[in-house]
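Novice: Listed below are the residues making up each chain.
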Amino acid sequence: MTTIEKIEQPAGQERGTMATLRRLARKHGWSYLFVLPSLLTFSLFTLVPVLWSFIISFQRFSLARGGTWQSPLWENYQDAFTQQGGIFLIAIRNTLIYSAFTVTAAIFFGLILASLIQPLSNRLKTFFRAAYYLPAVTSALIIGMTWRYIFNAQWGFANYLLRLIDQEPIRWLSDPRIALGSITLSAVLTMPATAVVLFSAAMGSIPTEYYEAAELDGAGPITRWWRITVPLIKSTTLYLVVLYTIASFEVFERVYAMVPSGVGNSTQTIVTQIYTNGFKELDFGIASAQAFMLFLMVATVAVVQFRLLRSDVEY
Amino acid sequence: MAAARMARPIVRRRGRGGLPLAGWALLIVTSVIALFPMYWLFVNALTPITSTPPLTPILWPAWSLDNFRRLLSGNIYYLNWMINSMIVATAITIWHMIFDSMAGYAFAKRRFPGRNLLFWLMLSTLMIPIHVTIVPLFIVTNRLGLIDTLLAVILPGTANAFGIFLMRQFIQTLPTELEEAARMDGAGEFQVFWNVILPLCRPALAALAIFTFVRHWNDFLWPLIALTRPRNYTLTVGVANLQGEFATDYGVIFAGAALAALPMIAFFFAFQRQFLEGVRMGAVKG
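Chains as they are written, first to last, in the working numbering: chain C, 1 to 315; chain B, 1 to 286.
Nothing false has been slipped in among the hints.
Taking lysine to aspartate or glutamate pairs in the DMTMM-like style, the calculated list, with each CA pair at most 20 Å apart, reads:
1) C:K27 x B:E179
2) B:K109 x B:E179
3) B:K109 x B:D185
4) C:K280 x B:D148
5) B:K109 x B:E177
6) C:K280 x C:D79
7) C:K27 x B:E180
8) C:K27 x B:E189
9) B:K109 x B:E189
10) C:K125 x B:E277
Derived by calculation from the structure, the hints in this document are not laboratory data.
Excised from the complex, chain B in its bound form (with noise of 0.2 Å):
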């Protein structure tokens, strides 16, 4: 940044603050824009709903967990939703967090032939849609009597190269002495990587986790094709089958999405510098 200061306001002070009262009416309706949908969903979780919601629309929660407690109770595997959600999104961010360290540090700081061939193919597929390879990863699964379980999930998963993109442009801004005194001292390769390399990428390693497993969380389409019985779904392919099922019970609708939507609210609360980081880092080119 050619500057450290921040830029000066650019608009003249009037009003409160710095902007007009324009600019404030704007920024204040565009929030509440942005956060009433959640708004609504919760507070119609969090009231009691057996049937069709009532023609006026809830705004505020009556603060019962009845809902809840029919979602959490009848005989839906909501719990094991939760589970396998939790299972396949550890895996994966895990299984990144380790292997695109390792390839993002071989790219950045090592020669070998085929590097730079290796590193832009792997980067160029990222902008293959992944609609390609479901066709071809369905019948690979099926025929691996792999449909239906976690690992059909979990697998395709690791094949993401932005982690490999994001920790290659992290280590590179690394001072290369490090290595080499750690060589010198005579650590060998792994170590080298291990216990000099790795410390110094936290920032990078949060974000890539934070990213990795909010995305996997979220996913849908590959899910909904590699998981067929309920019992096996993950969140989000379960939330949508309950529209299904439980047509006429909506607040078991309303709470069963709200539920799936908090563990990700939560974690962004913990996180938000990370995530508002990671975007940043994602998105600066090398």
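Extracted from the complex, chain C is given alone in its bound form (with noise of 0.2 Å):
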């Protein structure tokens, strides 16, 4: 008679999907609890969000009544540029201007600044670092309106300059035409801390024989840091675009501080149009459409990033 050969398990596993369980129970079990409190705050209030948000924005929703499909699905999108003659494209243009003059500024000082306190004792270095840094421990709307205050058009600091040489006073947040430019120029006016201590900390990791070996070659000082340092830096010079490029997409807390009812559309961004949307007016499907494109703007801005660092220059 032929035998047939069972198949040997190993010894001691059962089969099952309860076995399996308790296998990875007593295996891992430990490993997830450790990261299930973090997993269950992820879930509730990252991920569940998130893509509840998706679905509200393809539908009109209110508190009482909840979510009814919008027809067609694509309507609150629609609606998020059409709405108010366009104001959300007004709104999407004055954060890319906002963001163009704010990211270049950051980048630009923070290089120069790091630059200029290379070369400088440790404890002078500490001392400006932390100058710089001070302003951004503080909340970014109290600094909002300060500025504020210093662009008040009666008393403020800004038109008491004016005044000193004999200019007339400008309407800095109540002229529709200059308000944005108002707001940015606080922003570009604002020392990039975290620019300045990441440079520094970029700088200060650079062997110092590139150097010697090209003052050997005779490369004068401007040369050496145009040769040397920047190229060396472009990890974290990209690391700073993106942070900033981010960060100024989503700015509000200085537009609310600075102008808290607007100045007509010239001061509208994405994030207070998210705002205005979704809590004034109570539109969440709207809202939700609006911030799922911004979204799309910072993934994109992330993205680019991923495929620059792929290629960066090896050293």
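The two chains are supplied separately, each in an independent frame; assemble them into the complex guided by the hints.
Specialist: As structure tokens, this is what we get:
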């Protein structure tokens, strides 16, 4: 008689889903326990809301009656752009203008200032880094409030300076032609703390041999800076560009503090639109749609960074 | 770091201390610009102003606590706001210190099914602007009847993966022999974490604590949405509100803003090194 060989399971292994779960729990139970609290809050307050927000962006949602699907589905996305004479497009444009200026200024100033403090003693380095970082620990709201008063048309410091040189006072925050510019100016004049600290750290880790070799080859200070320092901190530069770009797309506190009720459409930004639509008009559908478009913009920037980092210079 | 030595000066020694005069001028001018707004705020706060400030800006404080007295004695819930911010920031910070290090330890040192997937999933959400979540969060908070409570501000604050990333990066650098030795000595899994790993994480925990605390003390958008009655505001929301009500008494507004900025400034001076270390730590990619 032929014997059919039974396929032997390894000793002690049961089969079936319950058994698998039990095995998982015994072997990895602690690991899962360790991540459980974070996993819970992450799911409840990040994952689920993000998914739900996506759904709401295709719905007409009211607190009382819940959500009903829009028809056509993309109605909210359409309305976001067409309502109030295209105010959302203006908001996006304003945000991009603000972003262009503030990111450029942040990288520019960060690079220059970090380079300037590089040759100084450690104590002086720390002093300046602290001076630039101090404003960064206060809420953007308070900084915005202070700038609002600096730009006050009657008694603000800015117009005082103008009066000193016999110039006409400027209606910094009430003239729709320049309100956005004033807000941007205040951001440009806020020294980029993180940029200075990170550039400074990156520069500090460049081996001195490079500079010594270059000096022996006859390279002057500017050449050494341009040819050695700048290329070697490229990844820091990229990281900071992305960081500041994303932050500038999300600008809100500064604008809310400086022009709480806005100056017509000229000070609308993406997030002020989301805030107004979501929590003043209680139009959750449109607010969610706009939030997702913000997400798209941010994701694009992040993806571009990833691509650029891939093709980074090896040294 | 390839070399422990600091980079040599990259400009020739001219002027004082290794920088051309123009360099020093730029450093001083930018420092003044950086510090002036805060300075002016405090100067105004310390000078009695009952309605609008004078046309000639005050540039030196009168060292008077008049505005502060009016701020704290009027029917403004300023102290409530401070306490609320304190509670919120402390609760969230403690949560993150404990549970982010637990999760960071698990991701760094333990192998389990789904580990990588989970970690990258959590990390990828760091990129998602919070504005995407505020609408559903508001709806849920409303339905749970938590609007206008501190819990509404605390709970979402616990869901941030940055701390997990930070702790994981740090714990990865700890040698595995420590755990093995502890286990051989008979320590249970949690003991290994609590008694061996955690005490070694002090620098990372310090950076995490500072970052989290400051971030949530200064938080504005979500508390603005979640808190509706002035009595329950956090500090930043309350101070923003001062602009509306007391539009005619600027002294109170200046004092309110200055007093709100003070804790973080003091915090910064006390923990300056950890602050700047934390910035670097958060930025170093693994």
